[in-house]
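Those protein sequence lines, which keep their order, are chains A and B.
For what it's worth, UniProt numbering labels the leading residue of the first sequence as 1, then goes sequentially.
For what it's worth, UniProt numbering labels the leading residue of the second sequence as 1, then goes sequentially.
Take the hints with a grain of salt, since some may be wrong.
What the hints assert, rightly or not - With a straight-line cut-off of 25 angstroms between C-alpha atoms, the simulated SDA-like cross-links for lysine to any residue are:
hint	chain 1	residue 1	chain 2	residue 2
1	B	LYS22	A	GLY33
2	A	LYS105	B	ASN254
3	A	LYS105	B	ALA408
4	A	LYS83	B	ILE219
5	A	LYS123	B	SER682
6	A	LYS19	B	HIS366
7	B	LYS267	A	VAL95
8	B	LYS267	A	LEU98
9	B	LYS323	A	ARG15
10	B	LYS409	A	ASP7
11	B	LYS323	A	THR14
12	B	LYS267	A	GLU115
13	A	LYS19	B	ILE219
14	A	LYS19	B	VAL268
15	B	LYS267	A	GLN18
16	A	LYS123	B	ARG407
17	B	LYS267	A	GLU8
18	A	LYS112	B	LYS409
19	B	LYS267	A	THR122
20	A	LYS123	B	ALA408
21	A	LYS19	B	LYS323
22	A	LYS19	B	GLY420
23	A	LYS105	B	LEU282
24	B	LYS267	A	ASP102
25	A	LYS123	B	VAL268
26	A	LYS113	B	LYS409
27	B	LYS267	A	THR9
28	B	LYS409	A	ASP121
29	A	LYS83	B	ALA272
30	A	LYS113	B	ALA272
31	B	LYS323	A	GLU115
32	B	LYS631	B	PRO565
33	B	LYS267	A	LEU106
34	B	LYS324	A	HIS12
Bear in mind the hints are in silico, worked out from the structure with no lab data behind them.
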Amino acid sequence: MAEKTSDETLAHLTRISQKPGVQSTLILSRENGAIVRTSGLISNSTSANPNSALPASNDATPDNYTNGKKEGGIQNAEDVASKVWSFLTAAGALVDGLYEEDEVKLLRLRTKKNELVIIPDTKFILVLVHDTPPA
Amino acid sequence: MDSIAQRREEILAKKAKLAELKKQRELRRAEGSNRQSLSGSPAREILSPTPRRNDVEQRRDLDKYLDDILGDSRPSSVQPGSPAGGRATRPTSVISASQLSSDNEAQAGTGAQYQIPTSMVDQGIQTLSIGNLTTVYESEGVDVGPPPKRDTEVITYSKGVQADIDWSPRKTRGSGESDIERDESPTRSPRTPKRMSRRQKERDEEIRLQLKKEIEEEIKAAQKAAEAGEVQTVSGENYPFKTLSNEELTAVENSDDFIDFVERSTKVLERALDQQLDYDILADYALGGASVDDEDEGYGSSGGKKGRRIKEIAQFWDERWSKKRMISDLGFSTKFPELVLASYTKNPSAPHDPDGLIQVWNLHMHDRPEYIFHAQSDILTAKFSPFHPNLIIGGAYSGQVLLWDTRAKSSPVQKTPLTGSGHTHPVYSIDIVGTQNANNIISASTDGVVCGWTVDMLSQPQEFLELTSPPPAKTDDMAVTCIAFPQSDPTYFLAGTEEGSIYPCHRYDRAGAKAGVDGRVKYGGHAAPVMSLDFHPAKGQIDLGDLVLSSSVDWSVKLWKVRPPAATGPSNTAAPGAAQQVTPILDIAREDLVYDARWSPVKPSVFGLVDGAGSLEIWDLNVDVEVPVQKVTPSENKRGALSGGMGFMKRSLNKLAWEKNEGRRVAVAGMDGVVTVFEVGSDLGGVETKGEEWSGVKRLVGRLEGSHEGVNGR
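Isolated chain A (complex conformation) (with noise of 0.2 angstroms):
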């Protein structure tokens, strides 16, 4: 019992989803980019993705639709992702230039309407975005 299982810990990403304001997440591996889990977002092949492995984590979509269409449209996973990983790819880049032996570990994105939450670890990234509370 006192073993976490995946579901659990899925448990709090669909949570984490279903928050107010919380248009989609996506997780993805570090090292080959794959799409581990996303939520909120569509995926522009889906025959070509295996067997609803990318976006059926969860069930808050209907919500996370109607969210995101809000502010602009649905946007597809992997042009999320491919985003995502330039900017973290460069953010790399600038940590690794000014400072030696460092990391980034955190990256929080504001523009006019979202905030990016992006966290980077070893093996993974998990990526968030919502809406911003009215400044």
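Put chain B on the given structure of chain A with help from the hints.
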């Protein structure tokens, strides 16, 4: 015109190199697929980045050549950067990067070898090379067929990388592009054939165009194939990623790495989201101050003077774990004042869940506990060790004393054995006393047994003390409901009992008194079980450490002035045997069962109490000894936490805890399993206290004592 010849030559050279690279890649791919099929777990695959990355590097090279061929003039930024640049900052990537570059070096070497012969031929007999060109190309076209998606992937990736190349100094450019320079520099100056016929030029042009077209077509085809076969975006922006198959996906998701990662990262996310709600750092006060006005109204509505306001700041409840459990104890961490611990009784409708539960909540993370700890039996009391920020001690219904560590998993790192030397009855009271370097856990069970333990060894108690009721009582065993130690003396404590009396006890034999209950003094007054005892924290100018607050289910809170333990001996010698009854100096009757009463850790005259009606009352003795200065009820908005069945009792509050360092926050909790945290105004909390507050309490105590002595005729 020279440029055409030059270009053609370059093209040739690159073709050759392309072919070579392709071959290498095919080989590697074969290898790679072998490896993939062998290692079933994708986790392992993810773990071994080097081959993949090599691939990428190589592909990047390839692309570059393609670009070169395609473009009329080579953009300066086409070269891929240092291999490390494309990756993030992990130490592992550094290693692999070095591996990579050496790999590239080798590649470059082979490339160069190839070039030399070709260019020589080329230079000698230029026209002959035309036929050659096409054939090389075609064979290539066949080659390219199968691995198209990889190509496209890389194209865009290298574009992404170009961006940082622009900024990086020249010398950091990896060995990857150095071969371009190499074949450029020799070609440029020597070969400027001035006498090249117009016809030749035209032909060259033709060839070039043809080549360009064909390559373009090829790329298009590749892209199409990629879209059909694999997950690919149409948009030019892309990066190297692969799609995980279902098996891979489940394997990844079940890997410990992934679970740990999700655990950690979601906590960070929650904090990030919650922090956002508290305050927006981008707030622009020039743009309408509506929220500020709201704040002001909040002040007013909480009633009374500003300094005495009380505001609810958080409620903690978890659907999975808090349901149908009652809260048995609360405590703030001294090291991390934002952490609140709550211990829970069992959930009767979930027999498969562990009975005992502790959740550590974070004021910055509202929807989920920071830590969850389990035990096999209901936990009745728990607290953070004041001497070690990672340790949590608890007492269980089974009589066990348990120790958890926030660095460990959810089960206790140490616990006392179920049978034998320790407690055999429920442990309702526990404390850690002593100093940083020498401290003991003291636990008391309802059969009157008090044990002392060292934190390092819970296998057997260091001290064992059996409290027995002094003579006039009908039973031998003393049913201890709570114990409390004074700040100054860890060898002496008070024990509250079910019968209502409070007895002083000694841990050790001392002059004039044996270890155990000191039968000569009895603090009588409560008519029902004592629910809590609390010594005054006494951190100020005047020592008020002898003031004790007790609460009871007889609907009252009483204030006592405790005799110093040393004085009990001599004062009592006159009448040995007969217990001297001490009455409270202040008796505050309430309108309901009082379950807990605690002094503020900083304000000498302030204390809080919670009752069976579900309200929290804050009292200030300097202001009034008959009515509380504040009375609030936790809001009901935290879900329908109370799933019915408990009737009127559901709102009852069992426990109260002050945040120890600043005394600004009070946590309360009870039957419904919801922890509510309030923040009190500056008159009721906060570190700065005025001297008159202390002297005020002193005067009050003196007055009360005087009037009581008058009444008692003593």
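Status of the hints after comparison with the structure:
1. Taking the CA atoms of LYS22 (chain B) and GLY33 (chain A), the gap is near 24 angstroms; set against the 25 angstroms cutoff, the hint holds.
2. About 24 angstroms separates the Cα atoms of LYS105 (chain A) and ASN254 (chain B), which keeps this hinted pair within 25 angstroms; it holds.
3. Between the alpha carbons of LYS105 (chain A) and ALA408 (chain B) the distance comes to roughly 23 angstroms, so the proposed pair stays at or under 25 angstroms and holds.
4. Straight-line distance between C-alpha atoms of LYS83 (chain A) and ILE219 (chain B) comes to about 23 angstroms, which keeps the hinted pair within the 25 angstroms bound.
5. Among the hinted pairs, LYS123 (chain A) with SER682 (chain B) is inconsistent with the structure: their alpha-carbon atoms are about 47 angstroms apart, more than 25 angstroms.
6. A threshold of 25 angstroms between alpha carbons decides the hint, and for LYS19 (chain A) with HIS366 (chain B) the separation of about 12 angstroms falls inside it, so the pair holds.
7. Simply put, LYS267 (chain B) and VAL95 (chain A) have alpha-carbon atoms about 24 angstroms apart, close enough for the 25 angstroms limit, and the pair holds.
8. Of the supplied pair hints, the one linking LYS267 (chain B) and LEU98 (chain A) is violated, its CA atoms being roughly 28 angstroms apart against a limit of 25 angstroms.
9. Taken as a hint, the LYS323 (chain B) and ARG15 (chain A) pair is honoured in the structure, with Cα atoms around 17 angstroms apart against an allowance of 25 angstroms.
10. With a C-alpha separation of about 18 angstroms, the suggested pair LYS409 (chain B) and ASP7 (chain A) falls inside the 25 angstroms cut-off, and the hint holds.
11. Taken as a hint, the LYS323 (chain B) and THR14 (chain A) pair is honoured in the structure, with Cα atoms around 19 angstroms apart against an allowance of 25 angstroms.
12. Distance hint between LYS267 (chain B) and GLU115 (chain A) is fulfilled; the C-alpha atoms sit about 17 angstroms from each other, no more than 25 angstroms.
13. With a C-alpha separation of about 44 angstroms, the suggested pair LYS19 (chain A) and ILE219 (chain B) falls outside the 25 angstroms cut-off, and the hint is violated.
14. With a C-alpha separation of about 15 angstroms, the suggested pair LYS19 (chain A) and VAL268 (chain B) falls inside the 25 angstroms cut-off, and the hint holds.
15. Distance restraint check for LYS267 (chain B) and GLN18 (chain A): the Cα-Cα separation of roughly 15 angstroms lies within the 25 angstroms cut-off, and the hinted pair is therefore satisfied.
16. For the hint pairing LYS123 (chain A) with ARG407 (chain B), the CA-to-CA distance comes to about 21 angstroms; that is within 25 angstroms, so the pair holds.
17. For the hint pairing LYS267 (chain B) with GLU8 (chain A), the CA-to-CA distance comes to about 14 angstroms; that is within 25 angstroms, so the pair holds.
18. About 41 angstroms separates the Cα atoms of LYS112 (chain A) and LYS409 (chain B), which puts this hinted pair outside 25 angstroms; it is violated.
19. At most 25 angstroms may separate the alpha-carbon atoms for a hinted pair to count; LYS267 (chain B) and THR122 (chain A) meet this at roughly 16 angstroms.
20. Restraint check: the Cα-Cα separation between LYS123 (chain A) and ALA408 (chain B) comes to about 22 angstroms, which is no more than 25 angstroms; the hinted pair holds.
21. Proposed proximity of LYS19 (chain A) and LYS323 (chain B) is supported: the alpha carbons are some 20 angstroms apart, at most 25 angstroms.
22. Distance hint between LYS19 (chain A) and GLY420 (chain B) is unfulfilled; the C-alpha atoms sit about 50 angstroms from each other, more than 25 angstroms.
23. With a C-alpha separation of about 21 angstroms, the suggested pairing of LYS105 (chain A) with LEU282 (chain B) holds against the 25 angstroms cut-off.
24. The hinted pair formed by LYS267 (chain B) and ASP102 (chain A) meets the criterion: a straight-line CA distance of about 22 angstroms does not exceed 25 angstroms.
25. A threshold of 25 angstroms between alpha carbons decides the hint, and for LYS123 (chain A) with VAL268 (chain B) the separation of about 16 angstroms falls inside it, so the pair holds.
26. For the hint pairing LYS113 (chain A) with LYS409 (chain B), the CA-to-CA distance comes to about 39 angstroms; that exceeds 25 angstroms, so the pair is violated.
27. About 11 angstroms separates the Cα atoms of LYS267 (chain B) and THR9 (chain A), which keeps this hinted pair within 25 angstroms; it holds.
28. A distance of roughly 21 angstroms separates the Cα atoms of LYS409 (chain B) and ASP121 (chain A); the hinted pair therefore holds under the 25 angstroms criterion.
29. Under the criterion of a C-alpha separation no larger than 25 angstroms, the hint pairing LYS83 (chain A) with ALA272 (chain B) is consistent with the structure, at around 21 angstroms.
30. Note on LYS113 (chain A) and ALA272 (chain B): the hinted pairing holds, with a Cα-Cα distance of about 16 angstroms set against a maximum of 25 angstroms.
31. In summary, the hint linking LYS323 (chain B) to GLU115 (chain A) is not supported, as the alpha carbons are separated by about 33 angstroms, beyond the 25 angstroms threshold.
32. For the suggested pair LYS631 (chain B) and PRO565 (chain B), the alpha carbons sit about 36 angstroms apart, so the restraint of at most 25 angstroms is broken.
33. The hinted pair formed by LYS267 (chain B) and LEU106 (chain A) meets the criterion: a straight-line CA distance of about 13 angstroms does not exceed 25 angstroms.
34. Distance hint between LYS324 (chain B) and HIS12 (chain A) is fulfilled; the C-alpha atoms sit about 21 angstroms from each other, no more than 25 angstroms.
Going through the hint list in order, the structure does not satisfy hints 5, 8, 13, 18, 22, 26, 31 and 32.
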